[in-house]
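2 protein chains.
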Amino acid sequence: MSKAKNVVVAQSGGPSPVINSSLLGVLDAVKDFPKTFGTVYAGWHGIEGVLKEELLDMSAQPSEELRLLRTTPAAGAIGTCRYKLKTGQTEDYERIIEVFRAHDVGYFFYNGGNDSMDTANKVAKLAAERGLELVATGVPKTIDNDVGDSEFKLIDHTPGYGSVARYWALIVQNANEENRGACPSDPVLVLQAMGRKIGFIPAAARLADPNREMPLQIYLRESGLTLDALADNVNRQLKADGRCIVVISEGFDVGEIGESKDSFGHTQFSSSGTTVEQTVVNYLNGKGLAARGSARGQVMGTDQRDTAIYASTVDIDEAYEVGRKAVRIAAEEGSGWMSTILREGGSAYRVRYDKVPLEEVANSERSFPEDWIAKDRIDVTDDFVRYARPLMGESWPAVPLAGGLQRFARLGMSFADTKCKPYVPQAYRK
Amino acid sequence: MSKAKNVVVAQSGGPSPVINSSLLGVLDAVKDFPKTFGTVYAGWHGIEGVLKEELLDMSAQPSEELRLLRTTPAAGAIGTCRYKLKTGQTEDYERIIEVFRAHDVGYFFYNGGNDSMDTANKVAKLAAERGLELVATGVPKTIDNDVGDSEFKLIDHTPGYGSVARYWALIVQNANEENRGACPSDPVLVLQAMGRKIGFIPAAARLADPNREMPLQIYLRESGLTLDALADNVNRQLKADGRCIVVISEGFDVGEIGESKDSFGHTQFSSSGTTVEQTVVNYLNGKGLAARGSARGQVMGTDQRDTAIYASTVDIDEAYEVGRKAVRIAAEEGSGWMSTILREGGSAYRVRYDKVPLEEVANSERSFPEDWIAKDRIDVTDDFVRYARPLMGESWPAVPLAGGLQRFARLGMSFADTKCKPYVPQAYRK
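The listed protein sequences correspond, in order, to chains C and E.
Heads up, the first sequence is in this note's numbering, so the first residue is 1 and it goes up one at a time.
Heads up, the second sequence is in this note's numbering, so the first residue is 1 and it goes up one at a time.
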């Protein structure tokens, strides 16, 4: 391109504790190429902000506020959305091109998972068809670690996962103090983890206890065990240790017993219905425990992806670098890539930043390696520990406090002047 | 007393993040009176350990391990229990005297709430009747802040509360980043707080936002609002701000709608049944929100009382000092007191440590001050903020890490030789 073009950066899907660190990486790196990149806008609440022409001016933000993005969790800074751009939503795609053209946008950085990479790819292709020079670049993000392939060749791990893994390691340590102290009356503690489709999050509970000293059982979605087998395992642990900590995936299949009726007689499911944790706790208490006392449980919720102090310093750094790398790729290699993290060989943990075609990521699918599940199906192997442990880092992140409260970045809400007609996103029309 | 007598320290009820700091205070202060106090034993899992003659030798513990008690949360170090010593359980009371006599115990430090102070008082009285010189002293602890009176004259606040208050302040800050970022799809976030009987814990959510900039609504058990009023409030907030964070007490009265049937047709309640959070989320989603998207929720569980890094440094220090004070009281004033924290007058936060008769604490009852509830019943007043804010402290506690994991105290399991016959606690007999 002959002259500097403006930039849009946007986030998609569920947040992570380090999503803002990637944003900061993009913002910082853009400054290294002043002839390439012009004004940087953020889509306020992701692609919804682009559709609605709500473009937050990031170039106008005070730098001391931007520095705080490093330790500001979740997506409160520029927002995210779950808006799905389906293939048939032609008007939405055309609208994106319209808004980009109106604001002289030549670069689009899209932070998200597999679906977002597919969207970024489609936007870039349509732009080319419509004669708009647009470089679309992906920045990977997901707490589930389900971006890329099962052989870890496209990407080793996704920013966000290391922090959630650290959350689970430290939370299970605390829970072990609780369970060890309270075991005469509450010998079983059931903790439900996120990760509906893939087991990386509950697996990270093992990082709390790599030497296997706790009475800890881990139930991945992939475990293939029944509720009855779970109860037998728990009772065996109670006989041996007098207590048991169960970490279970929200995607664990509890079978028909998981259904529950509310007071209107409706079957309840999912996040607002009966949870796996509740079903398991009720089942254990109904079946009779092999120890005095009862089972208790907790569904860990959005705090696993929005807790600042549990963020991993390694994850914070990598999220930043992967954001920077995306900018370098856009400037030097053109459109259609996602920046990646690849692990170097050798015993010490080292990574390098690389790239992969958006199309390849969009069409890839990762599963939890079967040989990382222990033979008894209620644990993961040391190979998993060797994979995940370095992602946790060694120290607490330096989350600044002011007046005892966490000092998070709070950006000025200064938006670009609108240049297009008002628009209602297709999915929001009646 | 003529010669040094041995000591038993024990914990009762739910733990707190600073319960071990009080234990350390007791252990340290005992060393200041070598002529008074002999060997220190901990009742392993509270009074159950005394009944079963499981007395952990605290004098044999390495001091570097004991130092770690300061930042080790919950009751994993020496255990706690929910065993209730009811008035009629004569055999249990006699057994305690028998075990104390056998081990030459002259001092009993009991860490707990109102009920525990009652128990300590009864044990001391029975000992006197049986001719055993026993000094029983209470160490206050509860996350609910329900020990003492409503005028804060017996005790200003209880160790444990400041840390749970800090947990809520910081967790709500994180949740606000989540909710602000995710609001197009998930505009309502409902967080359920502990405190079945009294509103101090959910009230602490206000500490996250003393200037009232967040769309935060707080529902104490004492609010007296219906589920319908809650839904109206939430919808009003959605119209104004597009999002809403609800912090609600587990003791909030949801009325009949809170009942739910499991797959066997049994009504589900309480910790293992349907929660207030779930009822509220289902109700809001069923009623229709005044914004796109749906309500989500989370029941904060035992992590609010066992999370090391959310502990308040002020609370850690006060818990330690109140443990120390109990020992001084026992040595200098004799039996029948509980150590207390009283707030000094003046604008700067300062406390002094004092004492109150066990009997007076046992017969006292605290309620949440009615004039600290805001007129709209969904907030607390600035007077509450002025009361609770200093308890949070200003900084992160120095929780040591080793290999990336929290380094908690792990005591040697060295028990006193048994001298009495085996005994089954009364409540555990068939």
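No lab work stands behind these hints, which were simulated from the structure alone.
As the structure is a computational prediction, the values presented were derived from the model and not from experiment.
Just so you know, not all the hints are guaranteed correct.
[Unchecked claim] Result set (DSBU-like, lysine-lysine): computed pairs, CA atoms no more than 35 Å apart in a straight line:
id, chain 1, residue 1, chain 2, residue 2
1, C, Lys375, C, Lys153
2, E, Lys125, E, Lys5
3, E, Lys84, C, Lys287
4, E, Lys52, C, Lys239
5, E, Lys355, E, Lys430
6, E, Lys31, C, Lys239
7, E, Lys86, C, Lys287
8, E, Lys5, C, Lys86
9, C, Lys287, E, Lys430
10, C, Lys52, E, Lys3
11, E, Lys153, C, Lys421
12, E, Lys375, C, Lys421
13, C, Lys239, C, Lys84
14, E, Lys86, C, Lys52
15, C, Lys197, C, Lys375
16, E, Lys86, E, Lys3
17, E, Lys287, C, Lys430
18, E, Lys197, E, Lys125
19, C, Lys430, E, Lys239
20, C, Lys419, E, Lys239
21, C, Lys52, C, Lys421
22, C, Lys5, C, Lys52
23, C, Lys287, E, Lys52
24, E, Lys239, C, Lys239
25, C, Lys84, E, Lys239
26, C, Lys122, C, Lys197
27, C, Lys375, C, Lys86
28, E, Lys86, C, Lys239
29, E, Lys419, C, Lys197
[Unchecked claim] Stretch-level coverage of chain C by chain E, calculated; a stretch enters the list once three of its residues show a Cβ under 8 Å from a Cβ in chain E:
id, stretch
30, 25 to 39
31, 194 to 203
32, 223 to 235
33, 303 to 309
Quick reminder that beta carbons are idealized off the backbone N, C-alpha and C, glycines included.
Taking the hints in turn, this is what the structure says about them:
no. : hint                : verdict
1   : C:Lys375 / C:Lys153 : holds (26 Å)
2   : E:Lys125 / E:Lys5   : holds (18 Å)
3   : E:Lys84 / C:Lys287  : holds (25 Å)
4   : E:Lys52 / C:Lys239  : holds (19 Å)
5   : E:Lys355 / E:Lys430 : violated (41 Å)
6   : E:Lys31 / C:Lys239  : violated (39 Å)
7   : E:Lys86 / C:Lys287  : holds (29 Å)
8   : E:Lys5 / C:Lys86    : violated (77 Å)
9   : C:Lys287 / E:Lys430 : holds (19 Å)
10  : C:Lys52 / E:Lys3    : violated (82 Å)
11  : E:Lys153 / C:Lys421 : violated (65 Å)
12  : E:Lys375 / C:Lys421 : violated (44 Å)
13  : C:Lys239 / C:Lys84  : violated (49 Å)
14  : E:Lys86 / C:Lys52   : violated (66 Å)
15  : C:Lys197 / C:Lys375 : holds (21 Å)
16  : E:Lys86 / E:Lys3    : holds (33 Å)
17  : E:Lys287 / C:Lys430 : holds (19 Å)
18  : E:Lys197 / E:Lys125 : holds (30 Å)
19  : C:Lys430 / E:Lys239 : holds (19 Å)
20  : C:Lys419 / E:Lys239 : holds (27 Å)
21  : C:Lys52 / C:Lys421  : holds (9 Å)
22  : C:Lys5 / C:Lys52    : holds (21 Å)
23  : C:Lys287 / E:Lys52  : holds (28 Å)
24  : E:Lys239 / C:Lys239 : violated (55 Å)
25  : C:Lys84 / E:Lys239  : holds (24 Å)
26  : C:Lys122 / C:Lys197 : holds (25 Å)
27  : C:Lys375 / C:Lys86  : violated (41 Å)
28  : E:Lys86 / C:Lys239  : holds (29 Å)
29  : E:Lys419 / C:Lys197 : violated (56 Å)
30  : 25 to 39            : violated (count 0)
31  : 194 to 203          : violated (count 0)
32  : 223 to 235          : violated (count 0)
33  : 303 to 309          : holds (count 6)
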